[in-house]
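S.K.: So you can see what is in the structure, the chains are spelled out below.
Number of protein chains: 2
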Amino acid sequence: MSALFERVALIGLGLIGSSIAHAVRRGGLAHEIVGYARSPETRKTAARLGFLDRVTDTAADAVEGADLVILCIPVGVIGAVTEQIAPSLAPGAILSDVGSVKSSVIAQALPHMPDYAELIPAHPIAGTEQSGPESGFAELFDNRWCILTPLPTNKPESVAKLRRFWEGLGSQVDTMDAAHHDQVLAVTSHIPHLIAYSIVGTASDLETVTESEVVKYSASGFRDFTRIAASDPTMWRDVFLHNKEATLEVLGRVTEDLFALQRAIRWGDGDALFERFSETRAIRRGIVEAGQDTASPNFGRGKPPTE
Amino acid sequence: MSALFERVALIGLGLIGSSIAHAVRRGGLAHEIVGYARSPETRKTAARLGFLDRVTDTAADAVEGADLVILCIPVGVIGAVTEQIAPSLAPGAILSDVGSVKSSVIAQALPHMPDYAELIPAHPIAGTEQSGPESGFAELFDNRWCILTPLPTNKPESVAKLRRFWEGLGSQVDTMDAAHHDQVLAVTSHIPHLIAYSIVGTASDLETVTESEVVKYSASGFRDFTRIAASDPTMWRDVFLHNKEATLEVLGRVTEDLFALQRAIRWGDGDALFERFSETRAIRRGIVEAGQDTASPNFGRGKPPTE
Chain E
1 MSALFERVAL IGLGLIGSSI AHAVRRGGLA HEIVGYARSP ETRKTAARLG FLDRVTDTAA
61 DAVEGADLVI LCIPVGVIGA VTEQIAPSLA PGAILSDVGS VKSSVIAQAL PHMPDYAELI
121 PAHPIAGTEQ SGPESGFAEL FDNRWCILTP LPTNKPESVA KLRRFWEGLG SQVDTMDAAH
181 HDQVLAVTSH IPHLIAYSIV GTASDLETVT ESEVVKYSAS GFRDFTRIAA SDPTMWRDVF
241 LHNKEATLEV LGRVTEDLFA LQRAIRWGDG DALFERFSET RAIRRGIVEA GQDTASPNFG
301 RGKPPTE
Chain Z
1 MSALFERVAL IGLGLIGSSI AHAVRRGGLA HEIVGYARSP ETRKTAARLG FLDRVTDTAA
61 DAVEGADLVI LCIPVGVIGA VTEQIAPSLA PGAILSDVGS VKSSVIAQAL PHMPDYAELI
121 PAHPIAGTEQ SGPESGFAEL FDNRWCILTP LPTNKPESVA KLRRFWEGLG SQVDTMDAAH
181 HDQVLAVTSH IPHLIAYSIV GTASDLETVT ESEVVKYSAS GFRDFTRIAA SDPTMWRDVF
241 LHNKEATLEV LGRVTEDLFA LQRAIRWGDG DALFERFSET RAIRRGIVEA GQDTASPNFG
301 RGKPPTE
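Protein chains in written order, with my numbering: chain E, 1 to 307; chain Z, 1 to 307.
This is chain E alone, in the form it adopts within the complex (with noise of 0.2 angstroms):
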């Protein structure tokens, strides 16, 4: 695939910023990819990874000259920095990101958008547990889903152009309004992560089972829940403080069904639990054919080192 974009401009090198840099680099997608990080540790852990042409000072000197900027930063950050770099973006530039939250990003940056460049919105439905520089590898989009979620205002080929992009960094690409895709990942991502940093919290908080008792025994199903509430603190603080509506409608309908299961265990309602428990076998069933994730059984973390 010969470039699609002259110069590829990343603000945010963590694990997504670090990973599109790798996958842009594989795909051959970009003459160059220029990269900035708030922090100089970071940009210092980008420079020897050697993942970027080019690590710039500031955000607006990355942004310089490119024709496609990404922010891959926290959703909370997103108005203060478009603010910042919107006056060094090109002509024709387009502006998007790699938020979890879309009708925030969208609330937050437009007002900061020059006429002469498009704000166009996108979330990979892809990551890892890990943050950082050093995270990132190039085959983290392969086979997930991005969104776009373009504005009634972009012209129909920037959209196009953004979605190629993406299918070159591997991943299948989707467009929907932002509103219904806040709607989606509050159920998909943001209340499974509440939900896992919850139980984790609470269970080392009891005095009856010692934390050493949760950690050696884990492997019962609670580790399953380890993993995500594992993520980046301030990315979730920011997704649930951005996308309040959304998750606290989709969090009440899970303690609504919680209560019930807590009414058919209190009851002794045996056929309530069962046919509760036997709805689910399917969905897990659509998610591996769907390419979504491992047939493998323990998600393949496979047979244990036996000697």
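The hints are simulated quantities; they were obtained by calculation from the structure and are not laboratory data.
Warning: the hint list may mix true and false statements.
One copy or two, either will do: identical chains are not told apart, so a pair holds if it fits within one copy or between any two.
DMTMM-like cross-link-like pairs, simulated, lysine to aspartate or glutamate; straight-line CA separation at most 20 angstroms [claimed, not checked]: (1) 244 <-> 271; (2) 244 <-> 269; (3) 244 <-> 207; (4) 155 <-> 257; (5) 44 <-> 211; (6) 155 <-> 167.
Got chain E sorted already, so can you dock chain Z onto it with the hints?
M.R.: Structure of chain Z alone, referenced to chain E:
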């Protein structure tokens, strides 16, 4: 290792029963492994797979002459099955089990025990989301914990022998009293399963988000919950019916904590969210260091960082 037991009888040939058979053979822990399952289909599959020396047509036939009998059946039928096999237990035989709940197993089984045999309850903390005789494998218990909850009346040498047996299957062995076991497992296993069932069920019940969207975008967190929500419904119904007090207690804590988080979201209390989300990484690290989970991102599902 020379054979610890003359004849091991397995009642129930699902994931755990069949895995014990494979591991007994691997370790040379018994001269003969016999087994029985209620379903003729399961018995036929077990015979075809050949992980037993002998498949019997009744539970009593399997138990006869065995010096170790292990019930690998749902907790809800422990009483009935013990009553049925008790008259066939050999003098000096150990009757054990693999149930996820221990106080109830003792309450159900003990009244039926003849005074010339011993009940020593056990619980291997190991499993996958799969079920049935074809899902078993010899390595399932390697480096996992097995908890024994001996009775005050057990002979120390019998407990020591059962401990060596589980070590021979690959496990590390702990002992504790049954009531404490049930509290620990409520935290590490039962409530995580209940919550996983609940959130997976809730997600497929929403009006605004389709099930196909949930499946497509599940890599953003949701898919982690679907694995344990694909576990055997009968087994899990019985767990909650037979560990009512401890599961209700822990569930009460979790919902209380969820309400606190809900309140923090509603009031935009970012500090409270950040603090909660920062406490949970250490426990993940502890689990990885204890060898109870993989350190690879995404449970090692995906490609790890290349360099």
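S.K.: Confirm or reject each hint.
M.R.: Status of each hint after checking the structure:
1. Proximity of residue 244 to residue 271 under the C-alpha cut-off of 20 angstroms is restricted to the inter-copy arrangement: shortest distance 15 angstroms between copies versus 35 angstroms within a copy.
2. Proximity of residue 244 to residue 269 under the C-alpha cut-off of 20 angstroms is restricted to the inter-copy arrangement: shortest distance 11 angstroms between copies versus 34 angstroms within a copy.
3. Taking identical chains as interchangeable, the C-alpha atoms of residue 244 and residue 207 lie at most 20 angstroms apart only when they sit on different chains, with a minimum of 19 angstroms there against 32 angstroms within one chain.
4. Taking identical chains as interchangeable, the C-alpha atoms of residue 155 and residue 257 are never at most 20 angstroms apart, the minima being 44 angstroms within one chain and 46 angstroms between chains.
5. For the homomeric pair residue 44 and residue 211, neither the shortest alpha-carbon distance inside one copy (37 angstroms) nor that between copies (44 angstroms) is at most 20 angstroms.
6. Proximity of residue 155 to residue 167 under the C-alpha cut-off of 20 angstroms is restricted to the intra-copy arrangement: shortest distance 19 angstroms within a copy versus 66 angstroms between copies.
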